[in-house]
Each structure stands twice: as structure tokens, then as C-alpha cells.
Amino acid sequence: MKRITQTLTGGRVLISDGAWGTFLIRKGLRPGECPELWNVEHREAVLEIARSYVEAGSDAISTNSFGGSAFKLAHYGLSDRVHELNRAAAAISREAAGPNRFVMGSIGPTGKILMMGDVTEEELYEAFKGQSLALADGGADACLIETMTALDEATIAIRAAKENTPLEVICTFTYDRQMGGRYHTMMGVAPASMAEAALAAGADIIGVNCSLGPGEMPPIVRELRQAAPNTPILVQPNAGHPVVKNGLDTYSETPETFARFVPELMASGAGFLGACCGSGPDHIRAIAAATAGRRA
Amino acid sequence: MQDLLEQITVCIERGKVNGKSPYPPDMRGQDGADELVSKALGAGVPATDILERALIIGMGNVGQKFSENKVFVPDLLMSAKAMTAAMKHLKPFFESGQAKHKGTFILGTVQGDLHDIGKNLVGMVMEGGGWKVVDLGVDVSAEKFLEALKQNPGSVVGLSALLTTTMVNMEKTVKLLKQHDAKATVLVGGAPLTNEFAKKIGADAYSPDPQGALNYLTDRHSRN
Numbered sequence: 001m002k003r004i005t006q007t008l009t010g011g012r013v014l015i016s017d018g019a020w021g022t023f024l025i026r027k028g029l030r031p032g033e034c035p036e037l038w039n040v041e042h043r044e045a046v047l048e049i050a051r052s053y054v055e056a057g058s059d060a061i062s063t064n065s066f067g068g069s070a071f072k073l074a075h076y077g078l079s080d081r082v083h084e085l086n087r088a089a090a091a092i093s094r095e096a097a098g099p100n101r102f103v104m105g106s107i108g109p110t111g112k113i114l115m116m117g118d119v120t121e122e123e124l125y126e127a128f129k130g131q132s133l134a135l136a137d138g139g140a141d142a143c144l145i146e147t148m149t150a151l152d153e154a155t156i157a158i159r160a161a162k163e164n165t166p167l168e169v170i171c172t173f174t175y176d177r178q179m180g181g182r183y184h185t186m187m188g189v190a191p192a193s194m195a196e197a198a199l200a201a202g203a204d205i206i207g208v209n210c211s212l213g214p215g216e217m218p219p220i221v222r223e224l225r226q227a228a229p230n231t232p233i234l235v236q237p238n239a240g241h242p243v244v245k246n247g248l249d250t251y252s253e254t255p256e257t258f259a260r261f262v263p264e265l266m267a268s269g270a271g272f273l274g275a276c277c278g279s280g281p282d283h284i285r286a287i288a289a290a291t292a293g294r295r296a
Numbered sequence: 297m298q299d300l301l302e303q304i305t306v307c308i309e310r311g312k313v314n315g316k317s318p319y320p321p322d323m324r325g326q327d328g329a330d331e332l333v334s335k336a337l338g339a340g341v342p343a344t345d346i347l348e349r350a351l352i353i354g355m356g357n358v359g360q361k362f363s364e365n366k367v368f369v370p371d372l373l374m375s376a377k378a379m380t381a382a383m384k385h386l387k388p389f390f391e392s393g394q395a396k397h398k399g400t401f402i403l404g405t406v407q408g409d410l411h412d413i414g415k416n417l418v419g420m421v422m423e424g425g426g427w428k429v430v431d432l433g434v435d436v437s438a439e440k441f442l443e444a445l446k447q448n449p450g451s452v453v454g455l456s457a458l459l460t461t462t463m464v465n466m467e468k469t470v471k472l473l474k475q476h477d478a479k480a481t482v483l484v485g486g487a488p489l490t491n492e493f494a495k496k497i498g499a500d501a502y503s504p505d506p507q508g509a510l511n512y513l514t515d516r517h518s519r520n
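Quick mapping for you: the protein sequence lines, in order, are chains B and L. With the first letter of the first sequence counted as 1, position 196 gets the number 196 in this note's numbering; the numbers rise by one all the way through. With the first letter of the second sequence counted as 1, position 164 gets the number 460 in this note's numbering; the numbers rise by one all the way through.
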């Protein structure tokens, strides 16, 4: 099977999946419950999410393992089950994806801050190594190191995945709009610095996800494109911003309004498109329709 | 003495912890907050002057720059580290009553939410503003907040949430606390929150950044 990078550099647009976390909540995940535990205790529900994205037209789907590092699982007393829960996450998505679609093993931040002395570089490296090995073992094609804000943590994760697995490595950061209209992560990282550091660490694909809606991401994508002219770019905006109605949260962008931003995101440099929090299979369907006939 | 206080202010604002700290690079080899506070005390500068005229001002400066997006989380974290190094020397003065906190601030992330970075930043800025902080951690139930308020009567309570799915738990906590003491002050914060939401659930104030919470309490304090 071709690798994701090869497919993208060949000019084909790829569609990723949408949200998992907000989708799991709709399926009954309760506050305080460990989402990754669902990979073994509610396997069918997780498989249904993966399948719904495949049916919606995703060429690549991620896995229910965003909080699957030993550090995150420790909150639930599950740090000794890293391999089991991540392997199961990848196996579920592989089952839904079949042999002709890609599986990207999700790896999120650990919540630890290196410069505060919360944790050592070696401890972080070992945690990311353990998680990426398990995702590879479960059948993932790539590691999706996502929603990062700190350069040190992200580059350690990229190296851990690159040096210990044969998988492709995708890395996305999440940005906020600052006063004055510039974009930085909460740790103060600008898109160009992220691109430079992620490529130096060995990332195959870079990108931006979460926090912002699709209309706010084109400037970030343009900055990434300028800093990394030949690297495929993944963009996964939230479905706009959360709006609380009658105690329930909904998101401001419908599939239709979201899809209107697709041409601009592509023109900015993104050839790999999906969505993040608040989105669902209908958003993916609309994004796929909006990219039809276009080349990356 | 004024010179020493100014130097301490700079160390706090720039996050210069001690002489050994390599950060910030342009202050390498110089004394940090640790050494300078010790020196000031040795020279007879009253602890309250060090607190009011150096530490609080330095933290206030960095907190203000943070809310203006001129500095970022790592800068605030290093300033807080310098603040901790300085406060270590002032601890005996707080214990003997020579130095006093502005009040007690009970802080926690609400039930179901495990995010602690935002909450920790608020704690650091409040401490930097001269408040005693009681940090209840993450995933804190309404009952636990109430218990802490009973143990520390008259405290201000700060609730944090990062998830849209957990911010709804704030309402329950605010209600329980106000039921116990209608005059209790409850502040809320976190990425998905808005002023509107804070009003709706009966919180006293919302701030998009830590400094805003401190400024709110300082303003209120000076009005009383």
C-alpha cells in the first residue's frame, strides 16, 4: 500500500476524519470516564464511530487514543495498560478502515511541561515510544501527534515515533489568535517555528488542528506553507466555536457553512483536510464534496 | 534599598530564579530572586516592603503582559518559579504575622475535567498578587469546594474548566457555594467560557486571563 505522503505529493487531496471526543460523549461517555478504556469496554461503540467516518468518505481515520500516553492514563490508574489500550485503538480503526484506507494513531499532549521540571526528556520519550509502538502493533499506518503547543514535547514525540516504528509521522499544533491578529500556541510558538522544528525532528506531514474554526485557519496554513514549501499540510478545524443552548453544547459551523471554507484552505496550501471538535460524519461528507475535482 | 527592590522586581518579571539559573540567557551569571531577597532581608528591608514593592509589582507586570499576549505561558511559569524562590524567604514572616496575605483563594478544576495548566497559571498569578492559594487540584466536586470554603470562611473561590462538557458542572458548584454563603465570591475561567455564561450561572466574575481575576479582586478590595 502507498504511504500517505506519497498519495498527497501525487496531487490527490485526502480527507481525514472529524471529532472523536465530542462524538464519544454523544455516545454516552461520562465526565471523568477514561475515553481510551472504551476501546476494550465499549469496543462496538468506538468501532461505530470509526465506521461512520469511513462511510462519510474519510481516506484516513485516526484512533481513540488521544489521551493514551502513560501520563494521561495515570489519572485513571491505567498507566500499566498503555500497550493494551493503544493497540486496541489502532486495531478498531484498522478494522473499520480495511486495507485501502489509512489509519493514523492519535497521540495527544501529556499535560506535562518540561521547562517546569514536571518531567524529564527521557520520561517523555519513553512514554511516546510506548504509545507509538502499541499503535504500530495494532495496525496503524502513521502516528498523528496532534494538538501540540510546545516545541520540546512535540519534537520528542516525533523522534520517539520515528526512531522506534516504521510509521509515517504527522504533527499538528493548535493555535490561538493573539491581540494584533497574529497566531501563536499558548506556549508562544508561531506556525513557522513549529514547521521548522517538526521537520528537523523528522515529521513527514505537518498541520494545524482544534481551537479555531475553518475561517480562522487560512493565515496559519499560509505561514506553514511558506516555512515548509514541499511538506504536505493537514488542516482539522473545529466546527466553529461551542455555543451552549439549554445546557447542551453545539458548534457554530454546520457542515454546509464549514465546507464553504474548503477552497480557501486548499488555496492556502492544505491538501489533507478534516475536522476536529464538534464535527461529525456530515461535516466530513460536506468537506469531501467540496474537494471533489480539485487537486492538492 | 530602592535599587535592591527594583532588581528583585526585574528578576520576578523576567523569571530569573537564582544565580545558577541559565534563564533568561541575558541575565546569566547574575543574582536571581533567591539571592536578592535574602540580601534585602539581611540589609533590614521589611518583608512587607519586599512583597508589596517588588514581588507583587514584578508578577503584576508579567501578568499584564501575558493578558496582552506580549509574553506566553513559559514566561509566566518562569516568573512564578522566581516568585516561589522569593517567597521561601518570606515564609517565616507570614507565619509570625508580620506579613499578611490579601486573602485566601480556593482554586480547582471542576468535576470531570482533568486540565490543570490554566488553573495553575491562575494560582501562580494570585500568589504573586499576595493571596494565599488553596489548590484543590483537578476533577473537584461541588461538595469538595464547599468543604474547602467551610474550612476557610470568607475565602474567594475560583473555578476552572477547559471542556464545554464540564463547564456545565460549574453551575452546580456556584449554586451550592452561594446556598451555603450568599456573600461568597465565586470567579470562573477557562477557554470555552464567556461573560454571558458566567452571569447565567450566577458567578460573580469571569476573566479570560489570570491577571483579570486578580485585578477584579484588587479593585473590589480597594472599594471596600
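By construction, these hints were calculated from the structure, which means they are not laboratory data. Virtual Cβ for every residue (Gly too), placed ideally from N, Cα, C. Treat the hints with care, as some may be off.
Stated by the list, open to error - Pair ranges (Cβ atoms, derived):
(1) L:Lys495 <-> B:Asp137: 45 to 53 angstroms
(2) L:Gly338 <-> B:Tyr76: 27 to 35 angstroms
(3) L:Glu439 <-> B:Glu55: 18 to 26 angstroms
(4) B:Glu55 <-> L:Gly433: 37 to 45 angstroms
(5) L:Gly433 <-> B:Glu123: 50 to 58 angstroms
Claimed, not checked - Keeping only pairs whose Cα atoms sit at most 30 angstroms apart, straight-line, the calculated DSS-like set for lysine-lysine is:
(6) L:Lys361 <-> B:Lys162
(7) L:Lys468 <-> L:Lys361
(8) L:Lys440 <-> B:Lys112
(9) B:Lys27 <-> L:Lys496
(10) B:Lys112 <-> L:Lys387
(11) L:Lys446 <-> L:Lys495
(12) B:Lys27 <-> L:Lys468
(13) B:Lys112 <-> L:Lys496
(14) L:Lys468 <-> L:Lys387
(15) L:Lys471 <-> B:Lys27
_Which constraints among the numbered hints does this structure fail? Numbers only, ascending._
2, 3, 5, 6, 7, 13 and 14
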